[in-house]
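Residue-level listing of the chains:
6 protein chains.
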Amino acid sequence: MKILVVNPNSTRSMTEKIGASAAAVAAQGTEVVAVNPEDAPKSIEGHYDEAMCLPGLLDEIRKGEAAGFQGYVVACFDDPGVGACREIARGPVVGICEAAMVTASMIATGFSVVTTLPRAIPMVEELALRYGMERRCRRVRAAEIPVLALEEPGGNARRKVRDEVLRAVAEDGSEAVILGCAGMADLTAWLSQETGVPVIDGVVAGVKLIEALVGAGLATSKAGAYATPLAK
Amino acid sequence: MKILVVNPNSTRSMTEKIGASAAAVAAQGTEVVAVNPEDAPKSIEGHYDEAMCLPGLLDEIRKGEAAGFQGYVVACFDDPGVGACREIARGPVVGICEAAMVTASMIATGFSVVTTLPRAIPMVEELALRYGMERRCRRVRAAEIPVLALEEPGGNARRKVRDEVLRAVAEDGSEAVILGCAGMADLTAWLSQETGVPVIDGVVAGVKLIEALVGAGLATSKAGAYATPLAK
Amino acid sequence: MKILVVNPNSTRSMTEKIGASAAAVAAQGTEVVAVNPEDAPKSIEGHYDEAMCLPGLLDEIRKGEAAGFQGYVVACFDDPGVGACREIARGPVVGICEAAMVTASMIATGFSVVTTLPRAIPMVEELALRYGMERRCRRVRAAEIPVLALEEPGGNARRKVRDEVLRAVAEDGSEAVILGCAGMADLTAWLSQETGVPVIDGVVAGVKLIEALVGAGLATSKAGAYATPLAK
Amino acid sequence: MKILVVNPNSTRSMTEKIGASAAAVAAQGTEVVAVNPEDAPKSIEGHYDEAMCLPGLLDEIRKGEAAGFQGYVVACFDDPGVGACREIARGPVVGICEAAMVTASMIATGFSVVTTLPRAIPMVEELALRYGMERRCRRVRAAEIPVLALEEPGGNARRKVRDEVLRAVAEDGSEAVILGCAGMADLTAWLSQETGVPVIDGVVAGVKLIEALVGAGLATSKAGAYATPLAK
Amino acid sequence: MKILVVNPNSTRSMTEKIGASAAAVAAQGTEVVAVNPEDAPKSIEGHYDEAMCLPGLLDEIRKGEAAGFQGYVVACFDDPGVGACREIARGPVVGICEAAMVTASMIATGFSVVTTLPRAIPMVEELALRYGMERRCRRVRAAEIPVLALEEPGGNARRKVRDEVLRAVAEDGSEAVILGCAGMADLTAWLSQETGVPVIDGVVAGVKLIEALVGAGLATSKAGAYATPLAK
Amino acid sequence: MKILVVNPNSTRSMTEKIGASAAAVAAQGTEVVAVNPEDAPKSIEGHYDEAMCLPGLLDEIRKGEAAGFQGYVVACFDDPGVGACREIARGPVVGICEAAMVTASMIATGFSVVTTLPRAIPMVEELALRYGMERRCRRVRAAEIPVLALEEPGGNARRKVRDEVLRAVAEDGSEAVILGCAGMADLTAWLSQETGVPVIDGVVAGVKLIEALVGAGLATSKAGAYATPLAK
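Protein chains in written order, with our numbering: chain A, 212 to 443; chain B, 212 to 443; chain C, 212 to 443; chain D, 212 to 443; chain E, 212 to 443; chain F, 212 to 443.
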């Protein structure tokens, strides 16, 4: 099975981290490739960045279709363009926010999300509502760090994330915590150890769920909202 | 007051119809300009089209900012890119779906939406949820016509829309009906007469609500999700 | 256009303040008149007061109809009797709570309400639910002041309101704040400056929305819940 | 225990029917008195009628307090003024819509309401939402009869109600049916026999629930929204 | 009228306390019997305990049917097996969580629940959702005491419960408080006095509501989800 | 990886069908075992049957833990006892209703469920609510066949299921259909072909999701509602 993970921003170091996370959990027989568009915002921190990443993201999906990929993970926690990707891909597509929330909902009655900047909080809350997770998602928290700070070695970004995860457990009564940025993918194991609750990375969740869907012989329904785009 | 109405698809005849609707209701002292990007899908009928119209839409907003417009209406019923527009515009921005639903909610306890194609139904339902209108919006109906059929003289598109509006009143118990496509803007008065209930066009609603916001001295809050995009 | 703003309590100083707020934002060509019934509670602070203000309020609407007003604002944040007013008025009617929430929802992803007394909190929460704003309304706060304290010069009521607005921004993550009492109408500009977020007065919002509805040629649907009262 | 049932309209024949229903189910030791204000609409069929019945209704509650009643039932399915009654009564107060829905929710997973006129449908749906019964209430139906037609001997009102109850069972999957008008109180037993599902009259439900609350030593909390009205 | 109260755990001292609470509020002519299965968990503190108590609980209901009981209260705040009991009993059945929430909703706009252990919080929240009380239930709190600690004389369990009730009033804005464990039944009167708000015990609420249902001639609908189990 | 699928009823032919479905989709390296308790209802058709299957189900989980299984699927569409299983299992546990709904939500904006008997409809609707799928689940339909009819060769059960699936597509606007009974597991491929939309079997979905969770290194959080049962 061939799965394409698309980081829709243009920061290659983040793509590599994402690819490593994905590869680490891929099943026997699954080939995971992680890519990013060249021409895209360096990070996605708001509605405008999200809109500007879409042409590049969709281009990667089209290339993926040509190359025979069977499923796709959109590796940005705002789940940008997932509907559009579903319209043009034959196989299933999932965003990492949806993947992480769906995963959390099967192992915990309630979870918190720890994201980067406060401006992302309403966006994640709206995604939770869209996915029916508005009750399970007990709180969306921001560690108050810009996305690219996660790429800087030696900074205090990791510590800030950990502190926020600990607060999520202590204050929100959450039984699991979701990392709300693809750039946090490498922190999962460490944070699970530090906190004693399952810490969920959307990239890992996304790859495993796409494996599950493809393995079940399922793909996006073309009988409605995700039908192939009409020719103009 | 200068208001820019952006039709995010590239069909000029639709822009003209939209512009005429807008001009017909503009208050004394309001100047309304209707534009569309050159490089955009001819119609927006799904998530993919929606994604592909965003660069052109945002470009028009940027040009509008340079030209000193004080408020914006995004004239596509999927409300594409409204969040992104809000981040880069100084004045208020509203999509025609949001505008029409908000308007309907003040004159009726329940309304139906009549859109073009069935594939749009789940998208409009999701917008209704986002705007808190999931209870007021009693049903989203499709007249089973492609968007551009509304531009063809002599077709039966108008009749199909009317029949669906009549069904909305008779079967859904709706007290008002919203036209779910900017291309239906010229049908409003005729449909109100035919059906006896208020029929709401989102372009009209959008222009009047932007006038209201600007007149109240209000603009998009920059204190959260709609803050100016971060420089990269 | 002639708009009638009815303060449903009998405190004339409040009516004057409301009238001044309304006049300050009325568009060119809009005539706004503010009235209050003689025989009504001095302030509306609970369900009982709300019930007791209704005969007087409805009387003012009937007089307004006779005088040819085209739209109405009910200037009490409990939105008392709005449904009844809609049944007897030809033009549109809006309460200032509904008006303020609808307005806030177009410029912010989340807002708080600052009202007077804690006993009003559940009433405002119920209105938010009725209007579909239960998710956008992040918190209803009480400044712990009786309504009429806002009319006393030299008191500390204004400071208490400001402090609560500041807490709304800091603690609730709200991007806008609504003033939950018509008696706070004169504080809007000052509070916006003090806090840096849009502060919304329902009287202003109500006048502008009624202008928008009338300007769009829309009135309350008579095809259902708001039909003209049946003769007995 | 003394319970006062207030029919808030002025139709004495309806008050008598209500009183008979109430008396038929009162427990040993419960004295039920049914009254109506003199000066009130003859029937309550909309928001305006509802508003106009309130002064008379509240007057009856005040008289009830003076006479030592321990609990109150407001016998109109719109539950008019219940909040105001709760503020001025020492004992518990319930409206017949709330009482019927609460009762139905304990014996059925879903119920329908059969009311008189279509214009009442949105009002009952809003009450269902207020009481948290929006999921349990599968549908509100109108038998298309004016309230006072229920008082006319020899009419076809009863048959129309029965037909609608049968449709509720067959089409809505409802396990119980609520009669949405105090004037239907005498039809309950007959309709239960005809349909094979529990048919619930709000007057009966209201009297039994007030007995339950008083018997449990419980009264309206005065610690919030239902506190005693403030002196002006 | 004969009502059976089943404590589904095997701790006899708790059954006695429950029986005393029930007897104290039973109406004239109501005979209340409290029982518990021999073979059941000593306390019910989680999903597993809940599952393991069901065979014994259902056995008590079957015995109750043979003995002619007309209604049943399931006296564990998780409301275990209530649906199953409804299928095999002729008369109405209510769990004490449902009974307490329904009762609270008629005397307060919002309430808190004080339960024993934090692990029960999500279970009670899910019940609130099932009963449509998710908005009225402002918060579920845990006093951090195991169920059986309530049976130990001289411990500090009572004080911990009282402190949590006080916090519910002060911090949650709750107008009433529900005791979320049948083992707290004897604390109700004391806690009401200490806090000044209605404190509701589910056993009391359950007995009074079953009296109400039986007195109204109502029983579980057999026309759907609660139909008699199919013979295999 | 070793996954145990427990059919909680005692009908061996159904267990075999379930085992075959599970085996057909198991990934390389996954060993799936399907079992059922000896002492359980022959089919689970209501709350009572559900309660009576729990001791046997939990016994199978305990045996599974002793045998080193890493994850569990509860193969009854009512998802009986999943919470209890989660408390006593080390690895993840999912019910087939939850699994199917979660799966459908990633490939379709809306789905219908086709179950066996009408009495199951409210139970499935309640599960949809619990899982946050109340908006995605457009309708629960019953094919009006008892569970065990699916085991009888030569009957018309299959045709009835197919007809209901076709109605779900045509009338509900559903983009995918879930089979609401483990006994329908063998019909999936045929129904997908007949209808042109994804048809989802919960057993398949459950096995693939448990593989995904185990593969991601995730297990039920023990930090809250699903903590290990307390020793008594």
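Treat the hints with care, since some could be wrong.
Any copy will do: because identical chains look the same in the list, a pair fits if it lies in one copy or spans two.
[What the hints assert, rightly or not] PhoX-like mimics (lysine-lysine), calculated; alpha carbons at most 25 angstroms apart, straight line:
{"no.": "1", "residue 1": "LYS443", "residue 2": "LYS253"}
{"no.": "2", "residue 1": "LYS433", "residue 2": "LYS274"}
{"no.": "3", "residue 1": "LYS371", "residue 2": "LYS443"}
{"no.": "4", "residue 1": "LYS213", "residue 2": "LYS443"}
{"no.": "5", "residue 1": "LYS433", "residue 2": "LYS253"}
Since the hints were made in silico from the structure, they are not lab data.
How the hints compare with the structure:
With identical chains, the CA atoms of LYS443 and LYS253 are at most 25 angstroms apart between copies only, with a shortest distance of 7 angstroms across copies and 32 angstroms within one. In the homo-oligomer, the alpha carbons of LYS433 and LYS274 lie at most 25 angstroms apart inside one protomer (20 angstroms), although the nearest pairing across protomers, at 37 angstroms, exceeds that limit. In this assembly of identical chains, the alpha carbons of LYS371 and LYS443 lie at most 25 angstroms apart only when taken from different copies (22 angstroms versus 49 angstroms within one copy). For the identical chains of this complex, LYS213 and LYS443 are neighbours neither inside a copy (31 angstroms) nor across copies (33 angstroms), given an alpha-carbon limit of 25 angstroms.
For the identical chains of this complex, LYS433 and LYS253 are inter-copy neighbours only, at 22 angstroms across copies versus 33 angstroms inside a copy, given an alpha-carbon limit of 25 angstroms.
The structure shown violates just one earlier hint, number 4.
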